[in-house]
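2 protein chains.
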Amino acid sequence: MESIASILRNAGLKATPARLFVLRLLAETTKPLSHAEIEALARKEADAPPDRVTLYRVLEALTAAGLATKAVDRRGVARFSARDTHRRHERHVHFHCLGCGGVFCLTAPPPKPPRLPKGFRLEAAEFDVKGTCAQCAAKGKSGA
Amino acid sequence: MESIASILRNAGLKATPARLFVLRLLAETTKPLSHAEIEALARKEADAPPDRVTLYRVLEALTAAGLATKAVDRRGVARFSARDTHRRHERHVHFHCLGCGGVFCLTAPPPKPPRLPKGFRLEAAEFDVKGTCAQCAAKGKSGA
DNA sequence: TTTGCAAATGCAACATGATTGCATTTGCAA
DNA sequence: TTGCAAATGCAATCATGTTGCATTTGCAAA
Chain Y
1 MESIASILRN
11 AGLKATPARL
21 FVLRLLAETT
31 KPLSHAEIEA
41 LARKEADAPP
51 DRVTLYRVLE
61 ALTAAGLATK
71 AVDRRGVARF
81 SARDTHRRHE
91 RHVHFHCLGC
101 GGVFCLTAPP
111 PKPPRLPKGF
121 RLEAAEFDVK
131 GTCAQCAAKG
141 KSGA
Chain G
1 MESIASILRN
11 AGLKATPARL
21 FVLRLLAETT
31 KPLSHAEIEA
41 LARKEADAPP
51 DRVTLYRVLE
61 ALTAAGLATK
71 AVDRRGVARF
81 SARDTHRRHE
91 RHVHFHCLGC
101 GGVFCLTAPP
111 PKPPRLPKGF
121 RLEAAEFDVK
131 GTCAQCAAKG
141 KSGA
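Taken in order, these protein sequences are the chains called Y and G.
To convert, note that position 77 of the first sequence is 77 in this note's numbering; the numbers rise steadily by one, no gaps.
To convert, note that position 33 of the second sequence is 33 in this note's numbering; the numbers rise steadily by one, no gaps.
Warning: the hint list may mix true and false statements.
A pair counts as met if it fits within one copy or between any two copies, since identical chains are not told apart.
Said to hold, decoys possible - List of simulated lysine to aspartate or glutamate pairs, DMTMM-like, C-alpha gap at most 20 Å: (1) Lys70 x Glu37; (2) Lys118 x Asp128; (3) Lys139 x Glu123; (4) Lys112 x Asp128; (5) Lys130 x Glu2; (6) Lys130 x Glu28; (7) Lys112 x Glu28; (8) Lys112 x Asp47.
If you're looking for bench data, these hints aren't it; they were derived computationally from the structure.
Keep in mind that this is a model prediction, so the values were computed, not measured.
With the sequences and hints as input, model every part of the structure.
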């Protein structure tokens, strides 16, 4: 298996305590976590809880390196989850939960890009499916 | 025709200057506007620019009354649009030009939303197509 | 037309999430 | 072991949004 530290170094990031803690936390957690939640957990569990700002920068670095994904929930709060590197290149549609910011991979194939007016050049086509995931719907976090 | 004031009163809201200004602005604008953008426009155009907080409350009231739609953009900022404007664009595929930032409505029908796992609720399925528009392509201004 | 009052507004203060500047510390490769 | 670019801690600042409260106002009833 690959250690958290080597995952970081393979991505070109130094393996610092704050990064190790956050990446392990994201990998162990199914739901996307906000900065505030991560900070609270760090205060409880980490040996030397990192600074608030460091956590922001760690999350930024992990996202930039492709190890985490950032999404915004209904309240406008950024939420982060570990990125599943294995399925990165498969073609599939993502479902974005507006309640928790979670991203779920659907089995449906992506739709074909439409015809464009003359002269237009296609570069990317993204099918954005949004709604409420089962867990948030059950909690009643559904309505806006 | 129905005046902005009577639209407000029919929705059970008093027709105050701030509400008239905001609702008319949203109705005239295709792109969803943030609170900051609305405030800036109000400062320039309104006779007696409403307070920051009043604008927040106006937007809240319009949304609650069903006259406006609230959505959170990628940066986590709330954006508002008149409800019928929002409806008109719901069933369109949009082309985003990476060169000039322009948005074009395509004639192609949107793809059917995919099947979701049990308990998931669909709220929106948006097909966003990105590339270079004819004008930018001619100028060689390909995106980013 | 006048008037009463619930609703709307303005203002100040506060809350929360996120960013920036800078001095100090540290991971890690040479 | 050591040099240094990169990462961290800390303080300050910004952006977005909310709350409490005194004052004003839309509008419907008299």
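Taking the earlier hints as the rules, which of them does this structure contradict? 5, 6, 7 and 8
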